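Residues per chain are reported as follows:
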Amino acid sequence: MAIQKLTAPLDYVNPNYENWGIYKLDKNKDAFLIEVVERIIEKSRTTYPTTRALFDELASTLYQERIRVTTSRWKSDPEDEKDFWNNVKGQIIKFQKAQSWEDNDRAILETLLKKILYRYAYEIVANFKPRIFELAQKFLPRILFLFLNSKLNSPFKFLFRKMSSFYEKFIITGDFELIRNLSKKGTIVVVPTHFSNTDSPLVGWALSSIGLEPVTYGAGINLVGTQPLSFMLNNLGAYKLDRRRKNALYLELLKSYSQMAIERDTPSLFFPGGTRSRSGALESKLKLGLLSTAVEAQQENFIHNRKKIFVLPLVINYQYNIECSSLINQHLVEIGKEKYVSDSFEYSTTYKIIRFFKHLFHADTEVVVSFGKPLDIIGNEVNSNGDSIAPNGKPFDIKGYFEVENKIVRDEQRNFEYTKILGSKIVSSYFENNTVMTAPLVAFVYFIQLKKRHKHLSLFEIMLLPREDRIVSRDNMMAGMATIIVKLKDLEKLNKVNLSEIIKESTIDNVLANGMNSISLFNSKKVVYADSDGNINSQDVRLAYFYHNRLIGYNLEEYL
Amino acid sequence: MKNIYNITKPIGILGIGSFGTVLANLIAERHSVVMYARKQSTVDNINVHKKHRDIEILPNVTATTDLGLVASQCDVIFPVLPSYAFRSVIKDLSHFLTSNHILIHGAKGFDVKVDYSQGPVELRPRDICTMSEVILEETPVYRVGCISGPNLAKEIAQKQPAGTVLASKFKEVLAIGTEILQCERFQIYGSNDIKGIELAGVFKNYIAIAAGASAALGYGENVKALLITKGISEMIAIGKALGVEPKSFLGLAGIGDLVATCSSPLSRNYSVGYRLAKGESIEQIISTMTEAAEGINTVKVIKYLSDTMHIQAPLVGIIYKVMYENHSLESGIKMLMRLNAGQDVSFY
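Here the protein sequences come in this chain order: A and B. Mind the numbering: the first sequence is residues 128 to 687 in my numbering, read in order. Mind the numbering: the second sequence is residues 10 to 357 in my numbering, read in order.
These are computed hints drawn from the structure, not numbers from a lab. Check each hint, because a few of them may be wrong.
Stated by the list, open to error - When the alpha-carbon atoms are kept at most 25 Å apart in a straight line, the in silico SDA-like pairs for lysine to any residue are as follows:
| id | chain 1 | residue 1 | chain 2 | residue 2 |
| --- | --- | --- | --- | --- |
| 1 | A | Lys521 | B | His104 |
| 2 | A | Lys526 | B | Lys100 |
| 3 | A | Lys631 | A | Gly416 |
| 4 | B | Lys256 | B | Gln352 |
| 5 | B | Lys204 | A | Asn603 |
| 6 | B | Lys180 | A | Gly416 |
| 7 | A | Lys578 | A | Asp602 |
| 8 | A | Lys414 | B | Asp202 |
| 9 | A | Lys579 | B | Met318 |
| 10 | A | Lys579 | A | Asn603 |
Said to hold, decoys possible - Quick list of simulated restraints, FRET-style, between CB atoms:
| id | chain 1 | residue 1 | chain 2 | residue 2 | range |
| --- | --- | --- | --- | --- | --- |
| 11 | B | Gln321 | A | Trp201 | 50 to 58 Å |
| 12 | B | Glu38 | A | Asn682 | 49 to 57 Å |
| 13 | A | Arg580 | B | Gln321 | 31 to 39 Å |
Small disclaimer: the values here were computed from a predicted structure and weren't measured. Backbone N, C-alpha and C define an ideal beta-carbon position, used for all residues, glycine too.
Build out the structure end to end from the sequences listed, making use of the hints.
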């Protein structure tokens, strides 16, 4: 496989937007939603076989929704929310009073179910306006960069500068030909790591840079409803997720929506980690719910002789993370409970994104977006014909995984086991395509040595150490860096990890200096720094821990 | 639950040991069966004389030396092989396997990636594979299951009733396996803890060796009960180190199999212990056995594993000393009685 580094944007594989899955989905929105709702109604006849069971589910949905409406209102909520659920309540009470559980009454409940599902469906559904997309593609990065970059003194020059210059700071790597080929043969499902709110726009930009059509993806309804970026998000194919809602009907609708969008050949994106990685570590446990919709979609596509689905893992590496402080706080609160006292503060998303890009262009640093090898739905690698490759290296047909005696049998439990297998292959891909940068490397060597120096202290006690006890001598630090760099280079030779250019080529002194410089860029405190004696110290051990987590999982700590 | 699967293709059996043979007959009551054997003479015996290991073979069992033929005719295949041959046969078979296949094995041993034949070595969980893990490593098959339980081949051959545990992460495999195996005299219990069920089947073998030895020494039911219950505790402790929950050891494949093998001279592992106590050396016993007693190797593997992982496993330590370090059985029993007994039930 030929891994390349992108130097200039590639043409769209499919230049006519009218052929894009997301455009067609938007155009046939109503028909699509009818199909989604009808499938759930059909499914509900097996999930809730009796009138009583269906009634109970509806009543439970109503109960949860009424709690949500009264206790947690968001600005993005529609105004008639209360009226709608009051109306549902009225119908539920009316039905209950009649006290009839005969099967012929099921129709009344199904009408109610339909009403709720359609409300959810129209709330969730993605919009896609090609003009806004075009505008966003052409001008958004430039305008954003222009406004954010105070170093530029000629805005006009910059505005018309070739996009290629951006690719020095945004490094995109992968086997683009293979990926582009597969996007013609099947439906692409992108599964990136998730560390920052800047991930979504960045992935969108990376995908269009390599010529893939835009993807549909789930965005928190709070983002879509309240942020200044909402107008863009709302029209660029994001479907809207309401994290407050945990009721079975809503989750079922979300899953069916996602599944059927994939079945209709709409390229999709999930963050399989669920939310941003709070600890800063690469995701090793994935949320499989949405991912399973891709496996279910593949089963349906086999039944109806439709396209194959290809899963595209993607690792995003930043030198530093602007949200690190609030992320690690949330992580430590979760694992430390009473042992940890939080001092969380988080900026609004839009503010963070602007600040991120501003600093990005001020500092000498980079972002690496690495596309992993495309996988089939069970996690096998795929060749350029779209054939799955068996463990013995031969192409083979995966349709049989869904069959018993050459006949496809629908089986959610089996497919969920396949999803787990896919999940573990995605995790391996994350580790293999992770690009180690100087900041996490410096934090890793520093924190592990600090931890070894204070063997008997807990994580939370280490964070409270006084300054003089946080010192790691320069000699130890340099020796540790040298050891770990050698081990990382060995791993790189085995294709188990990637290294940034500076780690590969520069001296240990330079790597250390570069790492210490970039890790502290956005913080008032120095995360890892050299004190006046040249020894290494930290003003914020929490953040050193956060960055160090990025290298957990390679078993490097045993060498320090 | 109504079984929706109706398997019409023949069922494959790899392995012509006594359990493989009775399993073939059991399945052949409702399905046609294709058995794989390495030797042409065995194949002829089965196909022409309809007899193998003194067991009458049902008419719809055929045998072949061609693994490819088994794979092309059968979607569901039962590898019932000794653990030492398991990986190599599965490797050969893998060339013919596709995504359509389902493999349900009946082997009760480990595949160890480190050579431990020359004496004590460090063994870690990552060095040890169960048979289902071998299948997952070597083949494109994901739908894997195993059967394990008190299934003494001779009793099944005599058409006595028996039960077994069928374990798989896939409900589909459980349903299909049950459809194939279940009959009036063979009851199938399901489990989704395949590794737990596999380990239960492996671990019980060394306890059976101890039980055989104690019977040969003339000890009665008290010692046997002590061995079984303390054996279960030890199995659970080792299982935990390998990432398995205790519950599977408490079912048919754990206690159930232990009770059967610790009481019956029909068990190969039991007879190893019995003959050992009667003064034969381990080499003599191995050289005269027609089929592998898995427990002989299991003792070594578990001893090395528990030493490396610092797991409290006194029983296996004592059996190891008797089998490989020339300790007398009497001194072994003394060691057992001198142990710091501690709490009775401590594995929860």
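Outcome of range test on Cβ distance (A:Arg580, B:Gln321; 31 to 39 Å)
33 Å, holds
Can you tell me whether the CB distance of B:Gln321 to A:Trp201 sits inside 50 to 58 Å?
Hint holds: Cβ distance 55 Å, inside 50 to 58 Å.
Given the hinted pair B:Lys256 and B:Gln352, is their Cα-Cα distance within 25 Å?
Measuring from Cα to Cα gives roughly 19 Å; hence the hint holds.
Does A:Gly416 lie within 25 Å of B:Lys180 when you go C-alpha to C-alpha?
19 Å, holds
Would the pair A:Lys631 and A:Gly416 pass a check requiring their Cα atoms to be no farther apart than 25 Å?
Since the Cα atoms of A:Lys631 and A:Gly416 sit roughly 38 Å apart, the hinted pair is violated (cutoff 25 Å).
Keeping to a limit of 25 Å between CA atoms, is the pair of A:Lys579 and A:Asn603 held or broken?
12 Å, holds
Honestly, do B:Glu38 and A:Asn682 meet the 49 to 57 Å range at C-beta?
Holds, since B:Glu38 and A:Asn682 (Cβ atoms, about 52 Å apart) stay within the stated range.
Given the hinted pair A:Lys521 and B:His104, is their alpha-carbon gap at most 25 Å?
9 Å, holds
Has the given pair, A:Lys526 with B:Lys100, been kept, meaning a C-alpha gap of at most 25 Å?
22 Å, holds
When you check the alpha-carbon spacing of A:Lys414 and B:Asp202, does it fall within 25 Å?
21 Å, holds
25 Å limit on alpha-carbon distance, applied to hinted pair A:Lys578 and A:Asp602:
17 Å, holds
Is the Cα-Cα distance between B:Lys204 and A:Asn603 25 Å or less?
Violated: B:Lys204 and A:Asn603 sit about 44 Å apart, past 25 Å.
Going down the numbered hints, you'll see the structure goes against 3, 5, while the others check out.
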